[in-house]
Every structure is written in C-alpha cells, then in structure tokens.
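Participant: Residues 1 to 146 in the numbering used here are what the sequence shown lists, from first letter to last.
The reader is advised that the hints may include incorrect statements.
[Stated by the list, open to error] With a straight-line Cα cutoff of 35 Å, these simulated DSBU-like cross-link-like pairs (lysine-lysine) come out: (1) K60 / K70; (2) K141 / K99; (3) K107 / K141; (4) K141 / K96; (5) K99 / K70; (6) K107 / K96; (7) K60 / K107.
[Stated by the list, open to error] Have a look at the derived ranges for each label pair, beta carbon to beta carbon: (8) R102 / L48: 24 to 30 Å; (9) R82 / P28: 18 to 24 Å; (10) D146 / M67: 42 to 48 Å; (11) R66 / A115: 25 to 31 Å; (12) E129 / E65: 31 to 37 Å; (13) P126 / G73: 32 to 38 Å.
Hints were generated in silico from the structure; no laboratory data involved.
Idealized CB from N, CA, C, for every residue including glycine.
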Amino acid sequence: MEIRSVSSNCNCLGMFFDMKTRVVNRIPEWRFQAEVVARLHEMESAGLPLTCAGDMAAAKRSQAERMTAKVTGLTAGEPDVRVYLAGGRLISIELKAAKGSRSAEQKARHARLNALGFEVLNPRAPTPEALADLVEAEIRKRLRGD
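From just these sequences and the hints, can you work out the full model?
Facilitator: Take a look at the structure:
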C-alpha cells in the first residue's frame, strides 16, 4: 500500500525529542490470494464453467517439512492459483501486489509452463479487491473466447 514518513516533535519532561516514524501499510500476500480464490468460487457458484485450486507454496516449513514437500511434488515457482475452464483449458495465475516481483524460480517455472503451451497470468494490483477484479475480468474474457 503506502510507505510514508511522519515527523513530530515532542517536549516531554522538559526534554526535546525529534521523533521520526516510518509507517508501512503492507497487506500480506495471502490476503490477495484469499480474495481472488473467493471471487473465483463466487463465479463457479453462479454457474460459470470453471473451478479453481490454490496453494501456499511459500509457507514457512521446517527442514523435514521442506523435504517432504519436495519429494511429494511441491515445485518451486509454481503459480499461486490454477483455474480450470470447460474444454480442458488451464489458466495459471501468479498473484502479486502492485510492487511485487517474481522470483528467479517463478520466472523459470512460468517460462517452462509457457513453453509447454500453458497460459500463466501475472496480474498486479494495490489491493486484494482490485486484484480480484482484474482476475475476474481476465477469466470472463477467456470464457467468452476473447
């Protein structure tokens, strides 16, 4: 969201302080994903021919949990959400806040998926609601065949 500096002067107990505070209003990535998945579920409930799945591959894990995840198929760089459309189409979506960037693993994985013929979207927005709006518009466009 927004990063700004706030300065104020304080005279406490006869002592003068110059206080500078940095305010960071950052929305966690899981909130973006939760909003997008909820919107996709609403679309499915409304009868649109789609379903979706998401995961939290970036979750913190112990060394043993990381090993288990890797040997059971968790792949670095895999997109956050998969949308399955009628007719056997798969759209993968990597969600990012407005200033978010993809990791090297994500770039490599997305390039591999593209090379295999799969579509990977990378929408960006400043709020979870705005990101859900973008994803909904993109999915509706593909359902129309645009």
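Participant: Between P126 and G73, does the C-beta distance stay in 32 to 38 Å?
Facilitator: 33 Å, holds
Participant: Between R66 and A115, is the Cβ distance one that fits in 25 to 31 Å?
Facilitator: 27 Å, holds
Participant: Cβ-Cβ distance between R102 and L48: within 24 to 30 Å?
Facilitator: 28 Å, holds
Participant: Does 31 to 37 Å hold as the CB distance between E129 and E65, or does it fail?
Facilitator: Once the Cβ atoms are compared, 32 Å apart, the range 31 to 37 Å for E65 and E129 holds.
Participant: Below or equal to 35 Å on CA atoms is what counts here, so check K141 against K96.
Facilitator: With a Cα-Cα distance of about 20 Å, the restraint between K141 and K96 holds, given a limit of 35 Å.
Participant: So if I understand the rule, the pair passes when the alpha-carbon distance is 35 Å or less; does K60 with K70 pass?
Facilitator: 13 Å, holds
Participant: Are the Cα atoms of K60 and K107 separated by 35 Å or less?
Facilitator: Holds, at about 21 Å.
Participant: If you draw a straight line from the CA of K99 to the CA of K70, is it 35 Å or shorter?
Facilitator: Holds, at roughly 29 Å.
Participant: Does the Cβ distance between D146 and M67 fall inside 42 to 48 Å?
Facilitator: 44 Å, holds
Participant: Within 35 Å, alpha carbon to alpha carbon, are K107 and K141?
Facilitator: Distance of about 24 Å is within 35 Å: holds.
Participant: Decide if the proposed pair is consistent with the structure: K141 and K99, CA atoms, cutoff 35 Å inclusive.
Facilitator: The given pair, whose Cα atoms are some 25 Å apart, holds under the 35 Å limit.
Participant: Is it true that the CA of K107 sits at most 35 Å from the CA of K96?
Facilitator: Answer holds: K107 to K96 is near 13 Å, not above 35 Å.
Violated hints for the displayed structure: none, as all numbered hints are satisfied.
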